[in-house]
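K.L.:
Now for the letters of each chain:
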Amino acid sequence: MAITEPGSKTIERTMPISPEIYREMGLTDEEYGKVVEVLGRHPSYTEVGMYAVMWSEHCGYKYSRPVLRLFKKYREALDGAGLENAGVIDIGDGQGIVMKMETHNHPSAVEPFQGAATGVGGILRDIFTMGARPIACLNSLRFGELDDPHTRYLFENVVSGIAFYGNCVGVPTIGGEVVFEDCYAGNCIVSAMSAGIVNTDEIALACAKGTGNSVMYVGSRTGRDGIHGATFASVELTEESESRRSNVQVGDPFQEKLLIEATLEALKTGFIVGIQDMGAAGITCGTCETAAKGDSGMEVDVLKVPRREQGMTPYEVMLSESQERMLAIVEKGREPEVEAVFRKWGLQAVVIGHVTDDGLVRVFEGDEIVAEIPAKSLADEAPTYYLETEEPDYLIDARAFDFAKLPEPGDYNEVLSKLLDASTIASKEWVYRQYDHMVQTNTVIMPGSDAAALRIRGTKKAIALVADCNGRYCYLDPFVGAQIAVAESARNLACTGARPMGVTDCVSFGNPEKPQIFWQFRRAIEGLSEACEFFGTPVISGNVSFYNETPETAIYPTPVIGMLGLIDDAEKHCTMDFKAAGDTVVMLSGRKAEENVLGGSEYLKVIHGAVAGAPPVIDMAAEKRLDSCVIEAIGAGLVNSAHDCSDGGLAVALAESCISGKIGADIAIASDVAASVALFGEAQSRIVVSLAEANIPELAKLVYKHGIICERLGKVGGDALRVAVNGSVAIDHSVETIADTWKNSIARKMEGPESRE
Amino acid sequence: MKFGVVVFPGSNCDQDAYCAIRDVLGQPVEYIWHQDKDLHGVDCVILPGGFSYGDYLRTGAIARFSPVMEAVQKHAADGGYVIGICNGFQVLCEAHLLPGALVTNNGLKFICEYVDLKVENTKTPWTNQCKSGDVLSIPIAHHGGRYVCDADVLADLEASGQVILRYCDAAGDANEAGNPNGSLNNIAGIVNKAGNVAGMMPHPERAVEDCLGSTDGIAIFRSLLEWTKR
Numbered sequence: 001m002a003i004t005e006p007g008s009k010t011i012e013r014t015m016p017i018s019p020e021i022y023r024e025m026g027l028t029d030e031e032y033g034k035v036v037e038v039l040g041r042h043p044s045y046t047e048v049g050m051y052a053v054m055w056s057e058h059c060g061y062k063y064s065r066p067v068l069r070l071f072k073k074y075r076e077a078l079d080g081a082g083l084e085n086a087g088v089i090d091i092g093d094g095q096g097i098v099m100k101m102e103t104h105n106h107p108s109a110v111e112p113f114q115g116a117a118t119g120v121g122g123i124l125r126d127i128f129t130m131g132a133r134p135i136a137c138l139n140s141l142r143f144g145e146l147d148d149p150h151t152r153y154l155f156e157n158v159v160s161g162i163a164f165y166g167n168c169v170g171v172p173t174i175g176g177e178v179v180f181e182d183c184y185a186g187n188c189i190v191s192a193m194s195a196g197i198v199n200t201d202e203i204a205l206a207c208a209k210g211t212g213n214s215v216m217y218v219g220s221r222t223g224r225d226g227i228h229g230a231t232f233a234s235v236e237l238t239e240e241s242e243s244r245r246s247n248v249q250v251g252d253p254f255q256e257k258l259l260i261e262a263t264l265e266a267l268k269t270g271f272i273v274g275i276q277d278m279g280a281a282g283i284t285c286g287t288c289e290t291a292a293k294g295d296s297g298m299e300v301d302v303l304k305v306p307r308r309e310q311g312m313t314p315y316e317v318m319l320s321e322s323q324e325r326m327l328a329i330v331e332k333g334r335e336p337e338v339e340a341v342f343r344k345w346g347l348q349a350v351v352i353g354h355v356t357d358d359g360l361v362r363v364f365e366g367d368e369i370v371a372e373i374p375a376k377s378l379a380d381e382a383p384t385y386y387l388e389t390e391e392p393d394y395l396i397d398a399r400a401f402d403f404a405k406l407p408e409p410g411d412y413n414e415v416l417s418k419l420l421d422a423s424t425i426a427s428k429e430w431v432y433r434q435y436d437h438m439v440q441t442n443t444v445i446m447p448g449s450d451a452a453a454l455r456i457r458g459t460k461k462a463i464a465l466v467a468d469c470n471g472r473y474c475y476l477d478p479f480v481g482a483q484i485a486v487a488e489s490a491r492n493l494a495c496t497g498a499r500p501m502g503v504t505d506c507v508s509f510g511n512p513e514k515p516q517i518f519w520q521f522r523r524a525i526e527g528l529s530e531a532c533e534f535f536g537t538p539v540i541s542g543n544v545s546f547y548n549e550t551p552e553t554a555i556y557p558t559p560v561i562g563m564l565g566l567i568d569d570a571e572k573h574c575t576m577d578f579k580a581a582g583d584t585v586v587m588l589s590g591r592k593a594e595e596n597v598l599g600g601s602e603y604l605k606v607i608h609g610a611v612a613g614a615p616p617v618i619d620m621a622a623e624k625r626l627d628s629c630v631i632e633a634i635g636a637g638l639v640n641s642a643h644d645c646s647d648g649g650l651a652v653a654l655a656e657s658c659i660s661g662k663i664g665a666d667i668a669i670a671s672d673v674a675a676s677v678a679l680f681g682e683a684q685s686r687i688v689v690s691l692a693e694a695n696i697p698e699l700a701k702l703v704y705k706h707g708i709i710c711e712r713l714g715k716v717g718g719d720a721l722r723v724a725v726n727g728s729v730a731i732d733h734s735v736e737t738i739a740d741t742w743k744n745s746i747a748r749k750m751e752g753p754e755s756r757e
Numbered sequence: 001m002k003f004g005v006v007v008f009p010g011s012n013c014d015q016d017a018y019c020a021i022r023d024v025l026g027q028p029v030e031y032i033w034h035q036d037k038d039l040h041g042v043d044c045v046i047l048p049g050g051f052s053y054g055d056y057l058r059t060g061a062i063a064r065f066s067p068v069m070e071a072v073q074k075h076a077a078d079g080g081y082v083i084g085i086c087n088g089f090q091v092l093c094e095a096h097l098l099p100g101a102l103v104t105n106n107g108l109k110f111i112c113e114y115v116d117l118k119v120e121n122t123k124t125p126w127t128n129q130c131k132s133g134d135v136l137s138i139p140i141a142h143h144g145g146r147y148v149c150d151a152d153v154l155a156d157l158e159a160s161g162q163v164i165l166r167y168c169d170a171a172g173d174a175n176e177a178g179n180p181n182g183s184l185n186n187i188a189g190i191v192n193k194a195g196n197v198a199g200m201m202p203h204p205e206r207a208v209e210d211c212l213g214s215t216d217g218i219a220i221f222r223s224l225l226e227w228t229k230r
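Chains as they are written, first to last, in my numbering: chain V, 1 to 757; chain W, 1 to 230.
Hints in this document: simulated from the structure, not taken from any laboratory.
Backbone N, C-alpha and C define an ideal beta-carbon position, used for all residues, glycine too.
Check each hint, because a few of them may be wrong.
[Unchecked claim] FRET-style restraints, in silico, Cβ to Cβ:
1) Ser-137(W) x Thr-200(V): 35 to 45 Å
2) Leu-225(W) x Pro-306(V): 45 to 55 Å
3) Phe-534(V) x Trp-33(W): 45 to 55 Å
4) Glu-530(V) x Ala-177(W): 46 to 56 Å
5) Arg-58(W) x Phe-534(V): 51 to 61 Å
6) Glu-113(W) x Gly-366(V): 52 to 62 Å
Model the full structure from these sequences, guided by the hints.
P.N.:
See the structure below:
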């Protein structure tokens, strides 16, 4: 549709925008009415585009904001200084860790390689625009099952895209999770997380202050890619989505690498007042958010924006989501110094405007004003909606599931093999082998253990990072499922010896306009906020992704937790592999497990084909006691390995410790429940440790001190995993056999004849 | 002995090499910007890993034309020491300071993992602190690390002992199972005829501290120090 810009030098005489146009852009009639009310006139075409993208759910959080106020830090930020690109956690010695996680689901569903790659690029920019050097990437990925060729295509290309981008920029990709469930077949989840380190007195802000200061545009040129990407992220995926490939941006990791180095060096000049990534909603977002935060205004001229295509309209320039671009507010008169740093790195930095004091974002095309909007109305005053909630119907059936009717399996060996072969449980080596996880030479716990860890140079400390969520639990009870995501993250960190410090969340749901979906969202956020308060891990940043559904199905509620932990002495970290023959294997539990722990389990899904019941009970106080005990035991050097019981229960945890340690174990458990429940049930707050027999008395003291349960299971040794339940042998596998199953499961599925579409 | 680490705009293992030399080897080291035309009087130039100029064209293809490479060429011709690690090895081949080329891994995927390397020739500046047949554990991280060259060059390399490191299995056997990327004759590292220029795909600078998983990489740098004392 050809729309011409208003030809006047003022904007008062603009004609009404036709409803077809603003609706196509994603604004409702009411929202358009609000725009007219704010402006006191009809908007120009450029202006309505700017409102549509900033008031989309993706940027404006119009549905989620009222619920997100449950998070203390979010509430404080909204009511106070405003939100930054990412939050900071103080780790002492004048240093802080900045971290954030963000989804790139819709772009990845239609163009998996570039969708995933640009997801990594975007999250990295959120980190280094804070002045932090990125030191780690993680990702949380969810797909359909691997027997589907299209899923294999998505999985293959998402992983390649992450590798393409992350490896080039030289930030190690050290961990994360990959989960396979049918509900993600039409709508994969691709969440990229990054963490960076910053001196706490050098944190850069996304804030435009100082009337007359220059607004500099830095990085790649602007093209027509990704226009209305944020709006695209705010609708359901349909058949037509495939034609939305032009909404997906193309990534250039080399540019990003230059931007990282140049930005960090330019910040050191001290002449940059504020800096902001231009990701979703591009220059529109960069200008209005920095102006709103600085209580200032801004004038920019689109003709000064470096472009890679001719004939771009102001609308296109303002809404382009071309990658690897930043907006910097630079002290007046100091532009040459800043420009010189960017030039050294082969990047352009040009002045496109200046800061004003009238609270307006005023966009010129040469002499002509094409948009004039109160910055805060774009950035902070997106209309919010209180959506209806309704408990979903599916829960009735799920809860009516009769576990008493489940047949006890005849062959536990076979069950264990099937679970180890299940893509969600199987080793993700096929994935992380493609990621450079060692660059920067800080990785002290490699991918594949409970959490990855990096030493902090110049100190004795290390940080541990994990990303985790069990979507099935959240489907069956979003409140409990979300709490388990937090508890399990904390437990994973504890297994490395790290105490939890803070959280970034990245939550994905279906269409929030459906009351049953919004119920899931609200319950999950209630669970998350309560759990994060309990564990003392503030949610410092986050991201909400809605509309993750296709006409067939919505995804499971998927509130992914990224958690940071601190290890006081990097040398005293712990990993999951059994280390030495003769070590004693002990189970530490926060509390006595309830009898039915098969609800939502991997065992129930893989062996009985059901997703039903209620998730296991999570007792957060018990979890905290357990984690504290394990952290203290590791810090005291008492234990040689620690691994939590999660998907697949105790049997899988033991198998993983054997496989990664290349050594067997002889285990005997006493149980008053069915062997299947004892072996594969997913009771929470349990960690399997191994230690020298001589350290048992010291461990017992800690167990007593923290008030947890300790159970002797057996000994490390031999070349087989043997598990007897109540005296009869249930599992007897050579470690070599189960290692092959577990380690090569994904490679076998991917290297099938139809791996590529 | 003074080391210099070349920094191309897309280098990303420059800091790792710098820290390994300064903190582990305890030797003076400085960065050399890719646009510098002199080498600040260093004795050994390290071309680090990374993606020199983005490497969208062919790894190392643009880097060989950078100002610093002119100086490196001259340094090498004068008998100065040069080691290219990973992307640096690719650059050295593009610059014809070493024979052959590095092409895409035969699995077509990036591979990052610890590998076993058999030390072949211990009479070079880079391997004299190893014993013949030693198996070193050092990580690789590359997408294009498959060493290839024509048959004459290969025969010459082998005959003149220019192969210094070969991928192998845990027992030290340079067989197919121990070859991660399909390199000809399992070649992981070579030197030029004179021995003063070395290239290797594995990252010795990543294997210099116990907490990183191995200290076997130190032998490469330590060898050079010992060699120059002779």
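K.L.:
Tell me if the beta carbons of Arg-58(W) and Phe-534(V) are separated by a distance inside 51 to 61 Å.
P.N.:
holds, 54 Å
K.L.:
Against the range 45 to 55 Å, how does the distance between the Cβ atoms of Leu-225(W) and Pro-306(V) compare: consistent or not?
P.N.:
holds, 49 Å
K.L.:
Check the following: the C-beta atoms of Glu-530(V) and Ala-177(W) are separated by a distance inside 46 to 56 Å.
P.N.:
holds, 52 Å
K.L.:
May I ask you to test the hint 52 to 62 Å on the CB atoms belonging to Glu-113(W) and Gly-366(V)?
P.N.:
About 56 Å separates the Cβ atoms of Glu-113(W) and Gly-366(V), which means 52 to 62 Å holds.
K.L.:
45 to 55 Å was suggested as the range; check whether the CB atoms of Phe-534(V) and Trp-33(W) agree with it.
P.N.:
holds, 51 Å
K.L.:
Does the Cβ distance between Ser-137(W) and Thr-200(V) fall inside 35 to 45 Å?
P.N.:
holds, 38 Å
Against the hints set out earlier in the document, no violation occurs for any number.
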